[in-house]
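Asks: So you can see what is in the structure, the chains are spelled out below.
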Amino acid sequence: MGKKYYKKTIESFPERKQEFKTLSEIEIKNIYTPNDVSNIDYIRDIGFPGVYPFLRGIHSTMYRGRLWTMRQFSGFGSAEETNQRYKYLLNHGETGLSVAFDYPTLYGYDTDHPLARGEFGKCGVAVSSLEDMAILFKDIPIDKITTSMTINGPAAIIWAMYIANAENRNIRKNTIGGTIQNDILKEYIAQKSFIFPPEPSMRLIIDTFEYGYKYVPRWNTISISGYHIREAGSTAVQELAFTLGDGIEYVKWAMKRGLKIDDFAPRLSFFFNAHNNFFEEIAKYRAARRIWAKELKKLGAKKSRSLLMRFHTQTAGCSLTAQQPEINIVRVTLQALEAVLGGTQSLHTNSMDEALALPSEKAVRIALRTQQIIAEESGVTDTVDPLGGSYYIEWLTNKMEEETYRYFDKVERLGGVIPAIEKGFFQREIAESAYRYQREVDENKRTIVGVNKYKIDEDLSIPILKMDEKGEERQINRLKKLRKERDQSKVDKNLSKLRRAAKGNENLMPYIIDCVHSYATLGETCDILREVFGEYKEPTIY
Amino acid sequence: MERKIRVLVAKPGLDGHDRGAKIVARALRDAGMEVIYTGLHQTAEMIVETAIQEDVDVIGLSLLSGAHMTLFKDVADLLKEKNMDDILVVGGGIIPEEDVSKLKRVGIAGVFGPGTHTDVIVDFIRKNVKK
Chain A
1 MGKKYYKKTI ESFPERKQEF KTLSEIEIKN IYTPNDVSNI DYIRDIGFPG VYPFLRGIHS
61 TMYRGRLWTM RQFSGFGSAE ETNQRYKYLL NHGETGLSVA FDYPTLYGYD TDHPLARGEF
121 GKCGVAVSSL EDMAILFKDI PIDKITTSMT INGPAAIIWA MYIANAENRN IRKNTIGGTI
181 QNDILKEYIA QKSFIFPPEP SMRLIIDTFE YGYKYVPRWN TISISGYHIR EAGSTAVQEL
241 AFTLGDGIEY VKWAMKRGLK IDDFAPRLSF FFNAHNNFFE EIAKYRAARR IWAKELKKLG
301 AKKSRSLLMR FHTQTAGCSL TAQQPEINIV RVTLQALEAV LGGTQSLHTN SMDEALALPS
361 EKAVRIALRT QQIIAEESGV TDTVDPLGGS YYIEWLTNKM EEETYRYFDK VERLGGVIPA
421 IEKGFFQREI AESAYRYQRE VDENKRTIVG VNKYKIDEDL SIPILKMDEK GEERQINRLK
481 KLRKERDQSK VDKNLSKLRR AAKGNENLMP YIIDCVHSYA TLGETCDILR EVFGEYKEPT
541 IY
Chain P
1001 MERKIRVLVA KPGLDGHDRG AKIVARALRD AGMEVIYTGL HQTAEMIVET AIQEDVDVIG
1061 LSLLSGAHMT LFKDVADLLK EKNMDDILVV GGGIIPEEDV SKLKRVGIAG VFGPGTHTDV
1121 IVDFIRKNVK K
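Protein sequences, first through last, are from chains A and P.
Going left to right, the first sequence walks through residues 1 to 542 as my numbering numbers them.
Going left to right, the second sequence walks through residues 1001 to 1131 as my numbering numbers them.
Bound-form chain A, shown alone (with noise of 0.2 Å):
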């Protein structure tokens, strides 16, 4: 009947367009019935939150018990300058700590070689050597609060910075928590900085989850982050499924390590991205922990804590817009409530500002106090994902899953993840998805306000971050002092031994640890594991 009296109305008052789809191109009907979702069986598809399969969130208080983490990325210029600024959001609320570091750092190079020409400080913090990471977190109380911190390449180096930091505090490893990203698969898909070919930098990263379990128990040793590959370009669905797909690729490298799953899966947490399909952002959140349990299950968990998806979200940096800046709060604001009525762990807002520079102070905390709003006034963290049972968004939901199992099925026939991402299958279907997106909004057939729709004549001058000019100079006075003054013996033994490890097949935690304890720095760390392992070169596609 509705069907019916649908048709006849469309015939008198056409609708705004000949269709209607998200961001994924699944095409939305205009109304979502029980029929969408008659084949759900409440128990086994949706359950209860805390209970497999999780679709409903991974606590069954969930916000009720405990807010989410308001944990903003952020890193510029030299340790010195980002301590302070650490220092200043926490005191304005933020409730956990989240490191940017620079594109030398990324890449294992220390401030002074020759490739970090013009990029000290530029999108994150500079951190060479123990020195600088003791400066970085100096009086902040690194065994209450959780670091996280985005490195990939070199993750296992700065992360043997941290723990020897904390150790040089009396803080016991055992107690500290936080996260490294390390997830090398993302970097080759689509963040590009990477270092090492795949075997070694698999290698390092399964080295990391038998050490984390073993000394840094409380310690997420790997973010398994779609964030990256949506802003390459990617749909929500490709985000979904080639995270999760990289996500598996993990657990079956650890376990051909001889790791037991049980042991090492409850600290694999993942990271995404909130664009700007509200529904259908939400349904993606949803879906993926649906299918991270029944993936880990079918592997061989046993124990909830391991089928249980932790997730941090970002909203899409991509989606901010140079024009109008202020407006780009509004946006923020949407993507922000995704990410909470998506139940995530810990949450960054960005700042209006960033498509132009690094944020102003003013820029990152209003980011901050929209989280605030949304967790304190807004109301919606007062009961457990209260968008479950909406028909469009269970069907959604459905849908996300069976679109990420299609890719799953794809990834299997090229041979598996690694082989996929030698043959160019994920980054040309990155660089097509980016290319359409852009085509449409160049065409009209996607509006971004202020870009392609309600322009208005503006100066898009805006208060730039100021950074301390002498800041690289210190840096690289620092790291020349460092090495003269160090014991040059020690820093060759261990360096010699880290090698020696390297050419055989030993955890190389422990020699990494010893090397940075000593002040070896990060390229000179990361330039043995080079040398031993060799480095990656892309295929280019576009």
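Note that these hints are calculated values from the structure, not bench results.
Fair warning: there could be bad hints in the mix.
Here are a few chain P residues that sit away from chain A, every Cβ distance over 10 Å (derived from the structure) [to be verified]:
| hint | residue |
| --- | --- |
| 1 | I1005 |
| 2 | D1018 |
| 3 | R1019 |
| 4 | G1032 |
| 5 | D1057 |
| 6 | M1069 |
| 7 | D1086 |
| 8 | E1097 |
| 9 | K1102 |
Derived BS3-like pairs (lysine-lysine); straight-line CA-CA distance at most 25 Å [as the list claims (entries may be wrong)]:
| hint | chain 1 | residue 1 | chain 2 | residue 2 |
| --- | --- | --- | --- | --- |
| 10 | P | K1102 | A | K470 |
| 11 | P | K1104 | P | K1080 |
| 12 | A | K484 | A | K138 |
| 13 | A | K4 | A | K29 |
| 14 | A | K260 | A | K173 |
| 15 | A | K260 | A | K298 |
| 16 | A | K503 | A | K252 |
| 17 | P | K1004 | A | K466 |
| 18 | A | K470 | A | K484 |
| 19 | A | K21 | A | K453 |
| 20 | A | K470 | A | K362 |
| 21 | A | K466 | P | K1082 |
| 22 | P | K1073 | A | K466 |
| 23 | A | K423 | A | K252 |
| 24 | A | K470 | P | K1073 |
We treat Cβ as the ideally placed atom computed from N, Cα and C, and that holds for glycine.
Model the placement of chain P on the given structure of chain A, informed by the hints.
Replies: What follows is chain P alone, placed relative to chain A:
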């Protein structure tokens, strides 16, 4: 037949954000230009060397790490040094307004930020290319 405009799309420095570079490369190709993409992690020397080898009319630099004031200038300086400043150099990325005029002064003829219509880049190149 008129020779097609030849463009080198290049990623200087360590920045791995290649979404914009790839989109622009494709848009320029769709607009009838011949496009060469360097791939990631190029030094100024590598970029200029490729520009010579490929005999390009235009270099398009893309950088989102914030190091544009150093790395874009390096490329423009090297071109001047080699008397190749007839090559049109344009750039794009996360570039604050106050840097745009500075970049223009050092020889980056056009600077395109987020939200730029790809046609704007195509038109700019067609109007300003020296051949």
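Asks: Compare the structure with each hint and give your call.
Replies: Evaluation of the provided hints:
1. I1005: The assertion about P/I1005 holds, with a minimum of 18 Å to chain A.
2. D1018: Given a closest Cβ separation of 7 Å, the condition is violated.
3. R1019: violated, 5 Å
4. G1032: Holds, because the least Cβ-Cβ distance between P/G1032 and chain A comes to about 16 Å, which exceeds 10 Å.
5. D1057: Per Cβ check, P/D1057 is outside 10 Å of chain A; nearest 20 Å; holds.
6. M1069: violated, 7 Å
7. D1086: holds, 25 Å
8. E1097: violated, 4 Å
9. K1102: holds, 12 Å
10. P/K1102 with A/K470: holds, 21 Å
11. P/K1104 with P/K1080: holds, 14 Å
12. A/K484 with A/K138: OK: A/K484 and A/K138 at ~23 Å, within 25 Å.
13. A/K4 with A/K29: Distance of about 14 Å is within 25 Å: holds.
14. A/K260 with A/K173: Holds, at about 22 Å.
15. A/K260 with A/K298: Holds: A/K260 and A/K298 sit about 14 Å apart, inside 25 Å.
16. A/K503 with A/K252: holds, 23 Å
17. P/K1004 with A/K466: Violated, because 43 Å separates the two Cα atoms, which is more than 25 Å.
18. A/K470 with A/K484: holds, 21 Å
19. A/K21 with A/K453: Satisfied, since the Cα-Cα distance of roughly 20 Å is no more than 25 Å.
20. A/K470 with A/K362: holds, 24 Å
21. A/K466 with P/K1082: violated, 34 Å
22. P/K1073 with A/K466: holds, 21 Å
23. A/K423 with A/K252: holds, 21 Å
24. A/K470 with P/K1073: holds, 21 Å
In the structure shown, a violation is registered for the earlier hints numbered 2, 3, 6, 8, 17, 21, in ascending order.
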